[in-house]
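Engineer: Sequence:
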Amino acid sequence: MAAVDPIRALNAQRLSQARKRYGYSLRELAIEVENVRKLRGDPDLPARESLRQKIAQIERTGMLGPLWREDLAAVFGVEPDEMFSVPIATELPHPLLIQLPVDRDVLAVIEAQQHAHIQAEHTFGPQHARPLVESDLVTIESLIAHAPSQVKAEMRRAAGAIAEVAGWIAQDLGDHAAAEKLTHTAALHLRTAGPPFNAIILMRQSNILTRTNPDLATALATDAADLIDGHDVGRLAASIARQQALAELANHNERGFIATPPQPSNSVTCNPTRMIMRSMPTAPTSPARSPPATCASVTRIKP
Numbered sequence: 033m034a035a036v037d038p039i040r041a042l043n044a045q046r047l048s049q050a051r052k053r054y055g056y057s058l059r060e061l062a063i064e065v066e067n068v069r070k071l072r073g074d075p076d077l078p079a080r081e082s083l084r085q086k087i088a089q090i091e092r093t094g095m096l097g098p099l100w101r102e103d104l105a106a107v108f109g110v111e112p113d114e115m116f117s118v119p120i121a122t123e124l125p126h127p128l129l130i131q132l133p134v135d136r137d138v139l140a141v142i143e144a145q146q147h148a149h150i151q152a153e154h155t156f157g158p159q160h161a162r163p164l165v166e167s168d169l170v171t172i173e174s175l176i177a178h179a180p181s182q183v184k185a186e187m188r189r190a191a192g193a194i195a196e197v198a199g200w201i202a203q204d205l206g207d208h209a210a211a212e213k214l215t216h217t218a219a220l221h222l223r224t225a226g227p228p229f230n231a232i233i234l235m236r237q238s239n240i241l242t243r244t245n246p247d248l249a250t251a252l253a254t255d256a257a258d259l260i261d262g263h264d265v266g267r268l269a270a271s272i273a274r275q276q277a278l279a280e281l282a283n284h285n286e287r288g289f290i291a292t293p294p295q296p297s298n299s300v301t302c303n304p305t306r307m308i309m310r311s312m313p314t315a316p317t318s319p320a321r322s323p324p325a326t327c328a329s330v331t332r333i334k335p
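Read in order, the letters of the sequence shown correspond to residues 33 to 335 in our numbering.
Treat the hints with care, since some could be wrong.
[What the hints assert, rightly or not] With a straight-line cut-off of 20 Å between C-alpha atoms, the simulated EDC-like cross-links for lysine to aspartate or glutamate are:
| # | residue 1 | residue 2 |
| --- | --- | --- |
| 1 | K86 | D74 |
| 2 | K52 | E66 |
| 3 | K52 | D74 |
These aren't lab readings, by the way, just hints derived from the structure by calculation.
Between the sequences and the hints, there should be enough to build the whole structure, so can you do that?
Structural biologist: Below, the structure is given as structure tokens:
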């Protein structure tokens, strides 16, 4: 079975590349691992063929424990953390969290997580952030069913916010199908959240479709602009204007591109909540992904 978790896939790739760079066959690498264990004084050494099969399995799946991380890193003369990342289990939500009473304290933690995921993507890259944000989305959606009526609407907004960030990270990794699916999930959760939230989703959908369906991308960006017309949404207006321009450019409509320049704004206020935004370069040479413009309880503009 091939590696599907992005971190495990990266571990598998790193091992395969290191082995080929050093010119080892699977059998030769097994001998090197055996030598490492002999030097360490391990009492019970597996058969060499067993070691070879395990290395082949790691290259396929990227799954390896602490001992194998240390042994393989020792063969190549590096620290384990330099060669391998520790994967995050994403299959199931934490069982204890599902048993917690869903109240505003839990909601506050979930909203803080959204900010943490954006910071993790910015600091460690999308490969690290993706399994974390998708795991949280599974957990939040499980909690919604048990949420009391007075916080259920806020829980759905939180789920929509996390799903939008997850879609943005998937797009950053080039997984446009997942980005579209996650952004659609966000749209379902935010369907009654109001014009600013719905405009954000239309903007993100427009950005994802810019490269494959510029006509629809242009229409969605226009719909987003219409939704916030007359609303004080601060920097969101500039972000939507920029996406309109990108969609028009992808649609080979130079006149439309010139007619919809991004408008700078010093305000980051989003009514009824604040905006998390990532600033973006101007005048791109090709369509760029729009930033996560998710409404949340924390204001942050990333450089």
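Engineer: Are any of the numbered hints broken by this structure? If so, which, sorted upward?
Structural biologist: 3
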